[in-house]
Amino acid sequence: MKTKEDYLEGQLLLVDKPLGWTSFQAVNKLKWVLRQRFKLKKIKIGHAGTLDPLATGLLIICVGKFTKRIHEFQGQEKEYTGTITLGGTTPSYDLETEINQTFNTEHITEELLKNTTRQFIGEIDQAPPIFSALKKDGKRLYEYAREGKEIEIKTRKVTIKSFEITRIDLPNVMFKIVCSKGTYIRSIANDYGKALDSGAHLSKLRRTKIGDYNVDIAIDPLDFEKTMLKDLDS
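Here the sequence shown stands for residues 1 to 234, numbered as in this note's numbering.
Hints were generated in silico from the structure; no laboratory data involved. Please note that a few of the clues may not be correct.
[What the hints assert, rightly or not] Under the rule of at most 25 Å between Cα atoms (straight-line distance), these lysine-lysine pairs were calculated in the DSS-like manner: (1) 31 x 226; (2) 42 x 204; (3) 39 x 226; (4) 31 x 44.
[To be verified] Label-pair ranges, simulated between beta-carbon atoms: (5) 165 x 8: 38 to 48 Å; (6) 230 x 119: 35 to 45 Å; (7) 38 x 102: 50 to 60 Å; (8) 107 x 42: 54 to 64 Å; (9) 119 x 99: 19 to 29 Å; (10) 8 x 155: 11 to 21 Å; (11) 54 x 8: 14 to 24 Å; (12) 154 x 38: 23 to 33 Å; (13) 154 x 232: 47 to 57 Å; (14) 19 x 76: 49 to 59 Å; (15) 39 x 143: 19 to 29 Å.
All residues carry an ideal CB built from backbone N, CA and C; glycine is no exception.
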């Protein structure tokens with residue numbers, strides 16, 4: 001097991017964020033565990049890229065002096081798997097909000113589903129979801145959304161390296177996407193629905209890779225707690 005000095009000097013922790021947790025909660029759990037384990041009043045810790053509460057998967061958490069490298073990991077390519085559900089849209093583009101409009105899906109074929117992904121490959125202009133933590137005029141976008149205010153959201157350029165349909169079980173379409181920093185998969189789901197002349201929302205999301213780091217070797221934060229604190233009182 002690594003020592004207090006190891007963590008203070010700098011460590012990279014790969015965490016598999018559970019469903020329902022915020023990225024902030026995952027960081028706070030690890031921070032609390034490390035403080036308990038090594039009797040520390042404070043320790044620097046932060047994550048390199050947020051995951052929504054309804055998403056699971058890889059969080060890179062930097063500890064100690066490695067917090068200076070957060071920007072380095074934030075800029076790396078990401079890989080996601082998940083499910084897009086056709087036939088209905090939601091204001092948040094995912095399951096955080098209720099379906100607000102339904103659409104016909106009878107015209108959608110396997111060929112159409114696969115061919116439409118080509119529209120998203122390369123550099124694209126993407127509008128972030130109104131239900132997001134991005135700021136406009138010093139206020140989070142989701143705050144405007146919850147107040148029912150309509151605001152103009154500027155598009156930004158993101159790069160989609162690959163968009164693969166891995167399984168079709170209508171109305172659910174399973175996918176794998178490799179993309180650049182700043183890409184909202186929720187927005188891709190919403191835009192994909194429009195491109196199919198229908199509607200869609202993101203119903204499941206998992207981040208599987210950040211750069212060369214894979215979720216396969218990541219640890220659940222609760223398992224990290226058990227491992228670090230198991231012999232503390234003995």
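>> Within 54 to 64 Å: is that where the Cβ-Cβ distance between residue 107 and residue 42 falls?
In response: Holds: the Cβ-Cβ distance is about 58 Å, inside 54 to 64 Å.
>> The hint says 47 to 57 Å between residue 154 and residue 232; measuring C-beta to C-beta, is that right?
In response: Check passed, 50 Å falls within 47 to 57 Å.
> Within 38 to 48 Å or not, the Cβ separation of residue 165 and residue 8?
Replying inline: Given a distance of about 46 Å, which is inside 38 to 48 Å, the answer is holds.
> Is 49 to 59 Å a correct range for the gap between the Cβ atoms of residue 19 and residue 76?
Replying inline: Since residue 19 and residue 76 have Cβ atoms about 23 Å apart, the given range 49 to 59 Å is violated.
> Per the hint of 11 to 21 Å, is the separation of the Cβ atoms of residue 8 and residue 155 within bounds?
Replying inline: Given range 11 to 21 Å: violated, Cβ gap about 42 Å.
> Is the Cα-Cα distance between residue 31 and residue 44 25 Å or less?
Replying inline: holds (8 Å)
> residue 39 and residue 143, beta-carbon distance inside 19 to 29 Å?
Replying inline: violated (39 Å)
> Could one say that the CB atoms of residue 38 and residue 102 fall in the range 50 to 60 Å?
Replying inline: holds (54 Å)
> Would the pair residue 39 and residue 226 pass a check requiring their Cα atoms to be no farther apart than 25 Å?
Replying inline: Holds: residue 39 and residue 226 sit about 16 Å apart, inside 25 Å.
> Can the restraint linking residue 42 and residue 204 be considered satisfied, given a maximum Cα separation of 25 Å?
Replying inline: At roughly 35 Å apart (the allowed maximum being 25 Å), residue 204 and residue 42 break the hint.
>> Within 35 to 45 Å: is that where the Cβ-Cβ distance between residue 230 and residue 119 falls?
In response: violated (51 Å)
>> Between the beta carbons of residue 54 and residue 8, is the distance compatible with 14 to 24 Å?
In response: Violated, since residue 54 and residue 8 (Cβ atoms, about 34 Å apart) do not stay within the stated range.
Going down the numbered hints, you'll see the structure goes against 2, 6, 10, 11, 12, 14 and 15, while the others check out.
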